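S.K.: The chain contents come next:
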Amino acid sequence: MNTNSNVYTVVYTTVIVVIAAAVLAFVAGKLGPSQDANAKAETLRQMMSAAGIKPTEELYSTKNAGILQLYADNIEEAYTIGLDGTRNGELSATKDNIQLVDKLKPQNKAIKAGGDVTLPVYVFKGGISVIPVYGAGLWGPVWGYIAFQPDRRTIAGAYFDHESETPGLGAKIKDEAWFREKFSGKTVAFGSAPLFNLAKNAEAAGATNAVDAITGATMTSKGLNEALNVWFKAYESHLVSAVAPAEEEQTTNAEEEE
Amino acid sequence: MDKKLKETILNPILKGNPITVLVLGICSALAVTVQLKGALVMALSVTLVTGLSSFVCSLLRNTIPTRVRIIVQLVVVAMMVILVDQILKSGEATYAIDKQLSVYIGLIITNCIVMGRIEAFALGNKPIPSLLDGLANGVGYGLILIIVAFFRELLGSGTLFGIQILPAGYIPNNLVILPPFALILLGCIIWVHRALDKDLQED
Numbered sequence: 001m002n003t004n005s006n007v008y009t010v011v012y013t014t015v016i017v018v019i020a021a022a023v024l025a026f027v028a029g030k031l032g033p034s035q036d037a038n039a040k041a042e043t044l045r046q047m048m049s050a051a052g053i054k055p056t057e058e059l060y061s062t063k064n065a066g067i068l069q070l071y072a073d074n075i076e077e078a079y080t081i082g083l084d085g086t087r088n089g090e091l092s093a094t095k096d097n098i099q100l101v102d103k104l105k106p107q108n109k110a111i112k113a114g115g116d117v118t119l120p121v122y123v124f125k126g127g128i129s130v131i132p133v134y135g136a137g138l139w140g141p142v143w144g145y146i147a148f149q150p151d152r153r154t155i156a157g158a159y160f161d162h163e164s165e166t167p168g169l170g171a172k173i174k175d176e177a178w179f180r181e182k183f184s185g186k187t188v189a190f191g192s193a194p195l196f197n198l199a200k201n202a203e204a205a206g207a208t209n210a211v212d213a214i215t216g217a218t219m220t221s222k223g224l225n226e227a228l229n230v231w232f233k234a235y236e237s238h239l240v241s242a243v244a245p246a247e248e249e250q251t252t253n254a255e256e257e258e
Numbered sequence: 001m002d003k004k005l006k007e008t009i010l011n012p013i014l015k016g017n018p019i020t021v022l023v024l025g026i027c028s029a030l031a032v033t034v035q036l037k038g039a040l041v042m043a044l045s046v047t048l049v050t051g052l053s054s055f056v057c058s059l060l061r062n063t064i065p066t067r068v069r070i071i072v073q074l075v076v077v078a079m080m081v082i083l084v085d086q087i088l089k090s091g092e093a094t095y096a097i098d099k100q101l102s103v104y105i106g107l108i109i110t111n112c113i114v115m116g117r118i119e120a121f122a123l124g125n126k127p128i129p130s131l132l133d134g135l136a137n138g139v140g141y142g143l144i145l146i147i148v149a150f151f152r153e154l155l156g157s158g159t160l161f162g163i164q165i166l167p168a169g170y171i172p173n174n175l176v177i178l179p180p181f182a183l184i185l186l187g188c189i190i191w192v193h194r195a196l197d198k199d200l201q202e203d
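Taken in order, these protein sequences are the chains called A and B. Mapping the first sequence onto our numbering, position 174 (from 1) lands on 174, and the numbers just tick up by one. Mapping the second sequence onto our numbering, position 141 (from 1) lands on 141, and the numbers just tick up by one.
Please note that a few of the clues may not be correct.
[Claimed, not checked] Quick partial rundown of chain A residues pointing at chain B, CB under 10 Å, derived from the structure: (1) 9; (2) 16; (3) 127.
[To be verified] Cut-off 30 Å, straight-line C-alpha distance, at most; resulting in silico cross-link-like pairs (BS3-like, lysine-lysine): (4) A:109 <-> A:222; (5) B:99 <-> A:112; (6) A:105 <-> A:63; (7) A:63 <-> B:37; (8) A:40 <-> B:89; (9) A:222 <-> A:112; (10) B:37 <-> A:30; (11) B:89 <-> A:109; (12) A:222 <-> A:63; (13) A:63 <-> A:103; (14) A:182 <-> B:3; (15) A:112 <-> A:233; (16) B:6 <-> A:40; (17) B:99 <-> A:109; (18) B:89 <-> A:54.
Rather than coming from a laboratory, the hints here were simulated on the basis of the structure. Please read all numbers here as calculations on a predicted model, not as lab measurements. Note that CB positions come from ideal geometry on N, CA and C, so glycine has one too.
Kindly generate the complete structure, drawing on both the sequences and the hints.
M.R.: Structural data, given as structure tokens:
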């Protein structure tokens with residue numbers, strides 16, 4: 001057979017591509033559920049690490065099934081809010097309904113454009129609320145989960161992650177426990193500007209809403225600072241109004257008086 | 001025949017090592033060698049991809065229209081890479097490593113070793129020797145990756161496979177973690193390799 005004729009070439013390439021596509025579609029279909037389960041468990045680990053449900057190392061050595069169970073045991077309610085702070089959706093308190101990282105990117109755009117958003121709030125037992133933050137680092141997106149005390153302005157814990165920041169520099173936002181631990185006990189200065197300040201020597205001034213940036217990771221720190229401020233701003237009206245339960249409102253007032 | 005097969009397997013690991021002799025696949029050798037675990041998974045992935053792609057392309061070698069052979073090879077290689085990536089993503093234990101390697105698994109497609117072996121070997125040889133040639137080249141590549149990662153993780157983080165090896169007082173060397181050090185290390189490996197093997201020395 002003449003393998004160099006035009007007809008043969010066209011038919012051959014078409015067949016090869018169709019076969020490759022069929023194989024990949026089949027495999028993607030077969031492996032899809034377990035990939036989703038992995039991504040979901042990863043997000044839950046990061047949220048629960050921020051909320052302080054268990055130590056980070058322990059969460060990362062727990063299997064997916066254990067993570068789902070732990071989340072189901074500890075979550076109180078999960079819902080979404082709009083930019084005006086009102087609830088516009090419920091995320092059922094089961095393992096099946098959380099917003100994964102890929103949902104945060106379009107939301108980040110929508111926040112900046114002032115469009116319609118469904119920002120997730122996860123309230124764990126004990127009144128710890130966890131919210132995501134998302135922004136651009138040096139090489140790719142950076143994101144994280146910030147847990148608030150019941151007063152909804154004191155940070156209880158944080159966990160950060162990134163797609164491709166420089167190992168040893170920007171990657172420290174994820175790798176170094178001391179960095180995320182610095183956020184515990186800090187407050188977000190709702191009502192003033194900036195809400196939060198992650199910058200060089202920021203802690204020296206003694207402000208409670210400041211954390212020192214990472215040396216040698218200027219762009220990652222800047223990106224994370226913007227992510228924090230943009231997302232805190234988006235959640236401001238909701239977190240400040242400290243919705244629903246009356247007791248939470250009291251806690252907020254009490255804290256303010258102190 | 002036996003001797004030829006042995007040559008096929010041993011040559012890429014020693015005299016014809018894709019990284020130190022052919023200087024292919026340098027980019028990923030710099031990028032994924034910060035930690036041993038990542039380097040090991042990358043080495044396995046590349047070995048699988050080169051082996052299987054060479055095997056499939058060798059099976060098809062008599063049917064591929066020569067004018068579009070690179071495109072056909074690319075389709076095969078891309079398919080293998082996506083398969084490896086999907087499988088890594090779906091495993092509970094490998095998910096974290098896949099995340100750490102991020103784009104570099106996908107970039108195996110652009111690794112010159114894969115296409116290089118198909119062009120140079122698989123298109124002219126039977127499927128089984130091609131499979132072995134591909135696997136051996138992957139092993140040769142992986143071996144260098146692991147040597148580089150060993151030093152970078154040990155000196156850059158004081159750990160091996162995430163386990164603390166150097167005493168707690170050791171201050172990790174930041175230069176070692178950054179890509180330029182991998183280049184320096186690679187240079188040293190090539191130097192040692194050439195010093196040991198007289199055949200590789202150019203005057």
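S.K.: Is the hinted pair residue 6 of chain B and residue 40 of chain A satisfied, with a Cα-Cα distance of at most 30 Å?
M.R.: Roughly 47 Å separates the two Cα atoms, so the pair is violated.
S.K.: For the pair we were handed, residue 89 of chain B and residue 109 of chain A, check the Cα-Cα distance against 30 Å.
M.R.: 27 Å, holds
S.K.: Are the Cα positions of residue 222 of chain A and residue 63 of chain A separated by 30 Å at most?
M.R.: 34 Å, violated
S.K.: Has the given pair, residue 182 of chain A with residue 3 of chain B, been kept, meaning a C-alpha gap of at most 30 Å?
M.R.: 62 Å, violated
S.K.: Is the hinted pair residue 99 of chain B and residue 112 of chain A satisfied, with a Cα-Cα distance of at most 30 Å?
M.R.: 28 Å, holds
S.K.: Taking 10 Å as the limit, does the beta-carbon of residue 16 of chain A come near enough to a beta-carbon in chain B?
M.R.: Holds. Min distance 6 Å.
S.K.: Decide if the proposed pair is consistent with the structure: residue 37 of chain B and residue 30 of chain A, CA atoms, cutoff 30 Å inclusive.
M.R.: The given pair, whose Cα atoms are some 27 Å apart, holds under the 30 Å limit.
S.K.: Check whether the Cα positions of residue 63 of chain A and residue 103 of chain A lie no farther apart than 30 Å.
M.R.: 24 Å, holds
S.K.: Tell me if the interface restraint on residue 9 of chain A is satisfied: Cβ within less than 10 Å of some Cβ in chain B.
M.R.: 4 Å, holds
S.K.: Residue 63 of chain A and residue 37 of chain B: Cα distance at most 30 Å?
M.R.: 19 Å, holds
S.K.: For residue 40 of chain A and residue 89 of chain B, compute the direct alpha-carbon distance and say whether it is at most 30 Å.
M.R.: With Cα atoms ~12 Å apart, residue 40 of chain A and residue 89 of chain B stay inside 30 Å; holds.
S.K.: Hint check: is the beta carbon of residue 127 of chain A less than 10 Å from a beta carbon of chain B?
M.R.: 31 Å, violated
Against the hints set out earlier in the document, violations occur for numbers 3, 12, 14, 16.
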